[in-house]
Amino acid sequence: MTDRIVAETITITGDAGDEIEAYFARPVDGDAQPGVVVIHHMPGYDRATKEIVRTFAVYGYAAVMPNLFHRYAPGAKPGDAAAAARDAGGVPDEQCLGDVHGAIDFLRQRPESNGKVGVIGYCSGGRQTFLVACTLDIDVAVDCYGGRANIELAPGLRCPLLGLFGADDQSPSPDDVAAMAKALEANGKTFDFHSYEGAGHAFFSVDRPAYRLDAAKDGWKQIWSFFGTHLKGT
Amino acid sequence: MCTYVTSTVDVAGSGYRGDDWFRVDRTVVYFDHPQDAPLAHALCIDVWGGSERVAVELDPASARRLAETILATLDHDDVKLLA
Numbered sequence: 016m017t018d019r020i021v022a023e024t025i026t027i028t029g030d031a032g033d034e035i036e037a038y039f040a041r042p043v044d045g046d047a048q049p050g051v052v053v054i055h056h057m058p059g060y061d062r063a064t065k066e067i068v069r070t071f072a073v074y075g076y077a078a079v080m081p082n083l084f085h086r087y088a089p090g091a092k093p094g095d096a097a098a099a100a101r102d103a104g105g106v107p108d109e110q111c112l113g114d115v116h117g118a119i120d121f122l123r124q125r126p127e128s129n130g131k132v133g134v135i136g137y138c139s140g141g142r143q144t145f146l147v148a149c150t151l152d153i154d155v156a157v158d159c160y161g162g163r164a165n166i167e168l169a170p171g172l173r174c175p176l177l178g179l180f181g182a183d184d185q186s187p188s189p190d191d192v193a194a195m196a197k198a199l200e201a202n203g204k205t206f207d208f209h210s211y212e213g214a215g216h217a218f219f220s221v222d223r224p225a226y227r228l229d230a231a232k233d234g235w236k237q238i239w240s241f242f243g244t245h246l247k248g249t
Numbered sequence: 040m041c042t043y044v045t046s047t048v049d050v051a052g053s054g055y056r057g058d059d060w061f062r063v064d065r066t067v068v069y070f071d072h073p074q075d076a077p078l079a080h081a082l083c084i085d086v087w088g089g090s091e092r093v094a095v096e097l098d099p100a101s102a103r104r105l106a107e108t109i110l111a112t113l114d115h116d117d118v119k120l121l122a
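Protein sequence lines, in the order shown, are assigned to chains A and B.
Each residue of the first sequence is one higher than the one before, starting from 16 at the first, in the numbering used here.
Each residue of the second sequence is one higher than the one before, starting from 40 at the first, in the numbering used here.
Chain A with its partners taken away, still in its complex shape:
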């Protein structure tokens, strides 16, 4: 085994059979690789989120991030594509689900796959992750500060859920997180929520003022532990 990875832009089949751009990073060596779908935040398919995708590859996961804004401005810079998606009224949930479904299929069909796939999303992608976890066949999910979660879907959660939140966030607020936990508990779901004091929204974002070192470090530790258990069986 080496620590070599390959990262590149590829095309995957998304919602309605549309060909969409995706960023794919994987270990060069080793078989039985678990997969991770990364759902980007509202600012889009950007450099910082691509770095997160590469980090998963370094830790032994085949990770893919579908560009949910690709249709709105093919070939455009991330910021222009995000603006075009907003101008068009935003990404419909059904379309997001279709694109993530395509990413899951792509990962599971790889000969090097161990058949397991997790989903992680940040900010708006956190909300979409919960939607995915309640709708599609995945093995584990991580919601990083997704506000406005569709908690009415809690009875349908289909996999263990890790939630990473900032105690100073306003959406999801501590009350929102507590309400989500209550709904999951009432439905007997497996979940593990962490709320970090001194951190607000987007505390994982190393390129933004919201970055909080202690929260991000512990958050990554929780991710490796949760994904390790549910995707690698370690």
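The set of hints was computed from the structure by calculation and includes no laboratory data.
All of these numbers come straight from a predicted model, not from anything done at the bench.
Among these hints, one or two may not hold up.
Part of the chain A face toward chain B, derived, beta carbon under 7 Å [said to hold, decoys possible]:
id, residue
1, Met57
2, Pro58
3, Asp102
4, Pro224
Not the full set, but computed from the structure, chain A residues with beta-carbon under 10 Å of chain B [unchecked claim]:
id, residue
5, Ala88
6, Ala91
7, Ser220
Where a beta carbon is used, it is the ideal one built from N, C-alpha and C, also for glycine.
Model the placement of chain B on the given structure of chain A, informed by the hints.
Here is chain B on its own, set in the frame of chain A:
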């Protein structure tokens, strides 16, 4: 937090992207995470003409100053005669 708070307004005029002018027809105004400004949230303005845009991301106080200045300019007695 992602606010998703977005408004679109029809506008008429021209925008400049550094190499050429283009006709603009709509403006999207939102308060959300910026692409570049070193802020957790920004008042963002995308002035669009077809698929081209001019974009700014402003801190809330300066956005308010800009809005007030635009209105004050339009309300100036010398301007009201012409607008």
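Looking back at the numbered hints, which does the structure fail to meet, lowest number first?
none
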